[in-house]
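Chemist: Take a look at the letters that make up each chain.
Protein chains: 2
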Amino acid sequence: MQKYSEPLSRLISELAKLPGIGTRSAQRLAFHILSLGDEEAFSLADSIVTAKKELKYCSVCGNFTDVDPCIICSNGARDQSVICVVGSPKDVVFFERMKEYKGLYHVLHGNIDIINGIGPEDINLKSLFVRLQKSDAVKEVIVATNPNIEGEATAMYLARAIKPTGIKVTRIASGVPIGGDLEYTDDATLIKAMEGRREI
Amino acid sequence: MQKYSEPLSRLISELAKLPGIGTRSAQRLAFHILSLGDEEAFSLADSIVTAKKELKYCSVCGNFTDVDPCIICSNGARDQSVICVVGSPKDVVFFERMKEYKGLYHVLHGNIDIINGIGPEDINLKSLFVRLQKSDAVKEVIVATNPNIEGEATAMYLARAIKPTGIKVTRIASGVPIGGDLEYTDDATLIKAMEGRREI
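Chains as they are written, first to last, in the numbering used here: chain A, 10 to 209; chain B, 10 to 209.
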């Protein structure tokens with residue numbers, strides 16, 4: 010005996026694929042969506058399709074954007090002398106929310122992870138080196154990858170690769186708990202971590 | 010300074026409208042969706058649109074269905090002598106999951122709520138009376154509305170309206186905590202509540 014009609018069962022299983030959404034949450038969300046007006050439900054679906062279609066990677070920094078270069082890279086008012094290197098597009102959001110950092114970003118879309126076979130060539134590193142070669146403006150690269158093994162490995166790699174060019178490479182201070190995740194760090198800790206950054 | 014590009018910002022705000030999804034969860038879900046392949050993301054969006062388009066109310070019991078009558082109402086193997094009246098389509102799921110109840114359902118899509126001006130004519134009650142008039146098969150109506158003020162008011166109304174016809178009207182036993190919600194009740198408690206039902 011089938012518990013749900015097929016479209017409902019499919020909606021629940023699609024929702025349950027999302028991170029942090031278990032079967033019960035997926036059921037609740039599905040019934041909520043069914044209780045919405047057509048317009049609201051279709052708007053939710055359309056926002057997913059539109060985001061996937063319109064958002065591309067910025068050709069300069071690698072962040073998600075609907076214009077290329079992105080609004081941060083093309084903003085002349087930002088400090089062109091410093092690039093903050095992060096592992097994922099959402100990390101940019103966390104730094105922007107803190108409203109203290111005025112420089113540029115570079116999004117790696119991952120970290121070097123030898124155990125899982127992810128080398129420097131598998132993440133968005135080449136375009137960072139191109140940026141550094143193209144412009145004399147950059148004086149400092151702040152490595153703000155997550156403070157875990159992979160993030161540290163990536164930081165070490167960047168330090169070794171960039172330092173010979175004379176550009177300062179710094180690492181955000183511990184302050185962000187080791188083994189933790191930028192996503193769950195409060196703004197005050199993030200500010201501390203930026204202030205206490207040290208050369209590597 | 011805009012924090013997100015427009016399509017991303019829209020996706021996050023659409024996701025944040027869902028129940029139990031705060032801004033941070035919505036951000037996490039949005040970035041997850043962007044990290045999916047096109048096919049997976051479009052499949053999620055399509056499951057929402059398809060569910061909204063294909064799911065209608067069963068003309069007999071009022072539950073969501075893609076065929077009319079629904080697979081429960083049209084299943085001759087189910088006990089045609091008993092109808093379990095519930096407030097919402099998701100309540101049907103909770104009873105079906107328990108795998109003990111073999112009768113039919115009737116979904117009210119709400120409860121009588123005098124304070125908020127919801128009367129008997131505002132919920133799916135008329136079609137229940139039509140069912141009871143049409144068929145001699147029904148011997149018992151189990152009122153399984155939530156055990157709160159509105160659910161009890163609905164149960165009382167049903168008892169008064171149906172008892173004169175000679176059909177037995179029962180109420181699921183307290184066992185489901187008063188003031189609670191069927192959604193958060195474990196199966197064992199639900200089974201107890203069904204067993205201990207009493208005439209009202």
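Each hint should be verified, as a subset may be incorrect.
Copies of the same chain look alike in the list, so a pair counts if it fits in one copy or across any two.
[Unchecked claim] Straight-line Cα separation of at most 30 angstroms, DSS-like style, residue types lysine-lysine; simulated pairs:
no.: 1; residue 1: K62; residue 2: K177
no.: 2; residue 1: K135; residue 2: K26
no.: 3; residue 1: K135; residue 2: K172
no.: 4; residue 1: K26; residue 2: K108
Don't read these hints as lab results, they were simulated from the structure. None of the values given here were measured: they were computed from a predicted structure.
Chemist: Each of the hints needs a verdict: does it hold here or not?
Modeler: These are the hints, each one checked on the structure:
1. K62 - K177: neither (37 angstroms within a copy, 57 angstroms between copies)
2. K135 - K26: Neither. Shortest intra-copy (33 angstroms) and inter-copy (39 angstroms) distances fail the 30 angstroms Cα cut-off.
3. K135 - K172: Only inside one copy: K135 and K172 sit 16 angstroms apart there, 78 angstroms across copies, limit 30 angstroms.
4. K26 - K108: Answer is between: at 25 angstroms across copies they meet the 30 angstroms cutoff, but 33 angstroms inside does not.
Checked against the numbered hints given earlier, the structure breaks hints 1, 2 and satisfies all the rest.
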